[in-house]
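Heads up: the sequence lines are chains A and B, in that order.
For the first sequence, our numbering begins at 1 and goes up steadily by one.
For the second sequence, our numbering begins at 1 and goes up steadily by one.
No lab work stands behind these hints, which were simulated from the structure alone.
Where a beta carbon is used, it is the ideal one built from N, C-alpha and C, also for glycine.
Errors might be hidden in some of the hints.
[What the hints assert, rightly or not] Not the full set, but computed from the structure, chain B residues with beta-carbon under 7 angstroms of chain A:
| id | residue |
| --- | --- |
| 1 | Tyr25 |
| 2 | Tyr32 |
| 3 | Gly43 |
| 4 | Leu44 |
| 5 | Leu46 |
| 6 | Gly94 |
| 7 | Lys103 |
| 8 | Phe106 |
| 9 | Thr108 |
[As the list claims (entries may be wrong)] In silico lysine to aspartate or glutamate, DMTMM-like type, Cα no more than 25 angstroms apart, as pairs:
| id | chain 1 | residue 1 | chain 2 | residue 2 |
| --- | --- | --- | --- | --- |
| 10 | A | Lys9 | B | Glu66 |
| 11 | B | Lys49 | A | Asp29 |
| 12 | B | Lys61 | A | Asp1 |
| 13 | B | Lys61 | B | Asp8 |
| 14 | B | Lys61 | B | Glu20 |
| 15 | B | Lys49 | A | Asp1 |
| 16 | B | Lys49 | B | Glu64 |
| 17 | B | Lys68 | A | Asp71 |
| 18 | A | Lys57 | A | Asp71 |
| 19 | B | Lys49 | B | Asp8 |
| 20 | B | Lys61 | B | Glu88 |
| 21 | B | Lys49 | B | Glu88 |
| 22 | A | Lys9 | B | Asp85 |
| 23 | B | Lys49 | B | Asp85 |
| 24 | B | Lys49 | A | Asp101 |
| 25 | B | Lys61 | A | Asp101 |
| 26 | B | Lys61 | B | Asp85 |
| 27 | A | Lys9 | A | Glu62 |
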Amino acid sequence: DSGVTQTPKHLITATGQRVTLRCSPRSGDLSVYWYQQSLDQGLQFLIQYYNGEERAKGNILERFSAQQFPDLHSELNLSSLELGDSALYFCASSLTFSSTDTQYFGPGTRLTVL
Amino acid sequence: AQSVTQPDIHITVSEGASLELRCNYSYGATPYLFWYVQSPGQGLQLLLKYFSGDTLVQGIKGFEAEFKRSQSSFNLRKPSVHWSDAAEYFCAVGAERNTGFQKLVFGTGTRLLVSP
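If we strip away everything but chain A, and leave its shape as in the complex, we get:
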C-alpha cells in the first residue's frame, strides 16, 4: 500500500459525459501527478500540481482539467468523453517537486467510456 488513495476504482460512463476522478496523496506529500495508461499510448504524464499550484503539463487534452485543493487532494475532470478516453488513470504523489523525490502511485481508476 503506497498511501495514495484514488476513488472510484472503476467508472463506466457514456460518450459525451463528464467525470471526476479523485486522489488523496500520501500524508505529508505536497506534489500530485496524474498519469494515463492506455493500450495504444502506454503510460503518459498528464499534469502536476504542487501545494495547490499547477507546475507542469504533459499530454493533457483541453477537455481535461485538474486542480489541487487546500487539503492537498486532487481531482481530475474529464469532459466530453470519447471512446478513446477509456484508460487507467493513475495519481502519484511525492514530498516536494524535487527531481530526486520518489513518486508513489495509487491503485488507479479504470475509466470505461461506452
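With the hints as your guide, set chain B onto chain A.
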C-alpha cells in the same frame, strides 16, 4: 526528447531461473532512472532508482539494476525468479529536471511470465 525503450514485450522465465529485463534510455544529461512493477489490478510500485554514484543499484524484492552510460542502458536483474514476480515491469527516466519538476517518461513495459 527523452525516451525509454523496453525491447521485450513479453518474457517467460522458469521459476528459480535468473532474469534480466532490458531498458535503454535517451536523455541529454545524466539520467535519473527508475524501475516500477505493476501487478495485475494494482498501481505501480517502485523497485529501485538511480540518481548518481554506484552504478549497481539494489532494490526491493531481491532486484538490482546496473546503469551503463556507454550503452545508455539500465537493465533490471534478479538471480532467482519467484512465481510472485509475474507482473509488468516499467522502466522510466525522470525528464525535464531543469524546469524544476520531475516528469516520468515510461517505457512500454515488459510483461514477465513465470513458468513452474
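Quiz prompt | Pair hint outcome, lysine 57 of chain A versus aspartate 71 of chain A [Cα-Cα no greater than 25 angstroms] | solution = holds, 21 angstroms
Quiz item: Do the alpha carbons of lysine 49 of chain B and glutamate 64 of chain B lie within 25 angstroms of each other, as the hint requires?
Solution: Within the cut-off at roughly 10 angstroms; holds.
Self-check item: Distance restraint between lysine 49 of chain B and aspartate 1 of chain A, which requires alpha-carbon spacing of 25 angstroms or less
Solution: Between lysine 49 of chain B and aspartate 1 of chain A the Cα gap is close to 19 angstroms, so the pair holds against 25 angstroms.
Quiz item: Under the criterion that the straight-line Cα-Cα distance not exceed 25 angstroms, is the pair lysine 61 of chain B, glutamate 20 of chain B satisfied?
Solution: Holds. Lysine 61 of chain B to glutamate 20 of chain B sits at ~14 angstroms (cutoff 25 angstroms).
Quiz prompt | Holds or violated: lysine 68 of chain B to aspartate 71 of chain A, with C-alpha atoms at most 25 angstroms apart | solution = With a Cα-Cα distance of about 42 angstroms, the restraint between lysine 68 of chain B and aspartate 71 of chain A is violated, given a limit of 25 angstroms.
Self-check item: Status of the leucine 44 of chain B interface restraint (C-beta, 7 angstroms, chain A)
Solution: holds, 4 angstroms
Quiz item: When you check the alpha-carbon spacing of lysine 49 of chain B and aspartate 101 of chain A, does it fall within 25 angstroms?
Solution: holds, 10 angstroms
Self-check item: When the least beta-carbon distance from tyrosine 32 of chain B to chain A is tested against 7 angstroms, hint result
Solution: holds, 6 angstroms
Quiz item: Within a Cα-Cα threshold of 25 angstroms, do lysine 61 of chain B and aspartate 85 of chain B meet the stated pairing?
Solution: Since the Cα atoms of lysine 61 of chain B and aspartate 85 of chain B sit roughly 9 angstroms apart, the hinted pair holds (cutoff 25 angstroms).
Quiz item: With 7 angstroms as the cut and Cβ atoms as the points, is tyrosine 25 of chain B at the interface with chain A?
Solution: Violated: closest Cβ of chain A sits about 15 angstroms from tyrosine 25 of chain B, beyond 7 angstroms.
Quiz prompt | Proposed proximity, aspartate 1 of chain A with lysine 61 of chain B (alpha carbon, max 25 angstroms) | solution = holds, 15 angstroms
Quiz item: When you check the alpha-carbon spacing of lysine 9 of chain A and glutamate 66 of chain B, does it fall within 25 angstroms?
Solution: violated, 35 angstroms
Hint compliance for this structure: hints 1, 10, 17 are broken, all remaining hints hold.
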